[in-house]
Amino acid sequence: MTTAAAAAAAASPLPRRAAAGRDIAVVTRRNLRRIRRTPRLLAVSSIQPILFVLLFRYVFGGSIHVPGVSYIDYLLPGIFVTTTLFGATTAVAMAADLAGGMIDRFRSLPMARSAVLAGRCIADLIRSVLVVALVLAVGTLIGFRFGNGALPAIAAIGLVLAFGFAFMWLYALVGLLVKDPETAQLAGFVPIFPFIFASSVFVPVQNMPGWLQAFARNQPVSVTVDTVRALALGGPVAHDAWQAGGWIAGFVVVFGWLAVAAYRRT
Amino acid sequence: MNSAGPVIEARGICKAFGHTRALIDVDVVAGAGRVLALLGPNGAGKTTLVRILTTLLRPDAGTATVAGLDVVRDAAQLRRVIGLTGQFAAVDPLLTGRENLEMVGQLCQLPRRQAQRRAAQLLERFGLAAAAGRLARTYSGGMTRRLDLAASLIAEPPLLVLDEPTTGLDPRTRTDVWDTVEGLVESGTTVLLTTQYLEEADRLAHRVAVMDHGRVVAEGTPDELKARLGGDVVEMLVPGPQLDQALGALAPPRDGGTVDRERRRITMPAPAGAATLRAALDRLDGAGIAVDDIGVRRPSLDDVFLALTGHGAVEDAGSDIARAGNGRRRSGPT
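From first to last, the protein sequence lines are chains A and B.
Using the numbering used here, you'd call the opening residue of the first sequence number 1480 and step up by one each time.
Using the numbering used here, you'd call the opening residue of the second sequence number 27 and step up by one each time.
It should be emphasised that the hints constitute simulated quantities derived from the structure, not laboratory data.
Computed from a predicted model, the values in this text were never measured in an experiment.
Treat the hints with care, as some may be off.
Stated by the list, open to error - Listed next, with one range per pair, are the computed distances between beta-carbon atoms:
#1 A:T1619 <-> B:R151: 50 to 56 Å
#2 B:T164 <-> A:G1729: 40 to 46 Å
#3 B:R37 <-> A:G1729: 40 to 46 Å
#4 A:T1517 <-> B:R287: 21 to 27 Å
#5 A:L1737 <-> B:R323: 54 to 60 Å
#6 B:H45 <-> A:T1619: 55 to 61 Å
#7 A:L1737 <-> B:D205: 25 to 31 Å
#8 B:A102 <-> A:V1523: 37 to 43 Å
As the list claims (entries may be wrong) - Listed next, the stretches of chain A that the computed footprint assigns to chain B, with coverage defined by at least 3 CB atoms under 8 Å from CB atoms of chain B:
#9 1584-1594
#10 1720-1733
A virtual CB, placed ideally from N, CA and C, is assigned to each residue, including glycine.
Full structure from sequences and hints, please.
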């Protein structure tokens, strides 16, 4: 063993889990720097949810009547969840790292196998906080109010972010599998359509055909949106919250595991 | 690592991508403090072998140890003793040069202070100190390559792996990289490098493994490989239309020689040195062929490559374009 190898081996007095935590922090910081240094990307990725708020409020809002609630109050919890689903940036960034050789660099380093993915998802989670705050600001300007008190409001936002975090693992996996940034961009939209439009995001599920209701009522986006809505506006929370929590935990476990497996053998 | 044992020892390595057999029963051995070059054209399997030896890819069959560590079983420990510089610079363009190095240092598990110190040293050593605070995307190609190389040296790995370190570099930067590699070897680093350039292998390597179509077709020191041609060679340039006529005239002394039709060049062993040259010239004269150029020289690795594989080591322009078209590094058997 040469001195350098010995030094490298001795340089890691940290137990494995602490070392993994440090690796994740290092990768997260790198990704946050990248986000900060591409302000245009951040700006453009914020336009989409804001357009959704404005379009649905003013174009469709007049035609959609949800009993007992103003449409903006109905709409915004759905938009919150939707913003975190426009997660193609996670897939694109993963694929770009792969295509650009950064993943090979990371994989050749003595670092935790989960750190590149976790660092990606955490950085993107922090990015979503900004986007959600922006959507909340725009929504508030055009009449949205949390009608159920501060604590449930905080819980609602927390749930939105947790949901977004869970989906990012799916997007990270997609990015690793498609391997090409442009394809990742397109693939990132695939989950959006069924999950967002066949859901309770924009309209109540009751008016959909029966066969679709079964899916639309129970799919992860709907149960999460319904929970967020109940937290924001008042109403029974428990049933949907359990389901939403289950989906979130399931996504993190299943797609986290699959993504790390894909990273290992990429 | 046992300094007496080989740093790299690969036995019977096989790897296939779908129906493409990228590596077929490859054996390679390299000692410490030396440079082993994997020489071969694009698609010979060099990068695949490097990816296996650096734990990025698992072999389908065979075993390999690097620094005494098994590339599959001991992959995690092995990553502590290797520094890899891939074919395309693995540098984050949105980080500064310093941030890039400090990040890699920390991910090599160096304490933060030490990572900073090493980064500063390497920036200085690679002439990047003035640009340390600039985003790497503003760097020239040569600077990016140097930063990439610095990143793989941050933890002072005893084994440095360079996958085509000078491909696409201008001549001056190429010489810089060569000087750097030679300096590292002097200070005891073992280097495994892949190259398509015979000149590079000749200049840097103590041992060369010539690869072609997924196999190691020859291995030895550059001199040993050249000695296979039996000493000096006569090289002549012949007008294109008369190439076949010239070959006919030279037989039987042409035995063991090679022809490069594109360059109108005939190379043949010259066991008797100048006398062989004279004989060849007489024969060509007799056939009424005026040579454009003729001379005796030491054989180059190019001659070795032609003799071993029946084709040149330098890829043609067509495959260069194909490669630029799919700029992805992991295009399977390379």
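Taking the hints in turn, this is what the structure says about them:
1. A:T1619 <-> B:R151: 50 to 56 Å: 55 Å Cβ-Cβ, so the 50 to 56 Å window holds.
2. B:T164 <-> A:G1729: 40 to 46 Å: Since T164 of chain B and G1729 of chain A have Cβ atoms about 44 Å apart, the given range 40 to 46 Å holds.
3. B:R37 <-> A:G1729: 40 to 46 Å: holds, 44 Å
4. A:T1517 <-> B:R287: 21 to 27 Å: Cβ of T1517 of chain A to Cβ of R287 of chain B: about 51 Å, so the range 21 to 27 Å is violated.
5. A:L1737 <-> B:R323: 54 to 60 Å: Since L1737 of chain A and R323 of chain B have Cβ atoms about 59 Å apart, the given range 54 to 60 Å holds.
6. B:H45 <-> A:T1619: 55 to 61 Å: The hint (55 to 61 Å, Cβ to Cβ) holds, given that H45 of chain B and T1619 of chain A are roughly 60 Å apart.
7. A:L1737 <-> B:D205: 25 to 31 Å: violated, 46 Å
8. B:A102 <-> A:V1523: 37 to 43 Å: Given about 40 Å between the Cβ atoms, the range holds.
9. 1584-1594: With 8 residues in contact (Cβ-Cβ under 8 Å with chain B), the coverage given for the stretch 1584-1594 of chain A holds.
10. 1720-1733: It is violated, with 0 qualifying residues against the three required.
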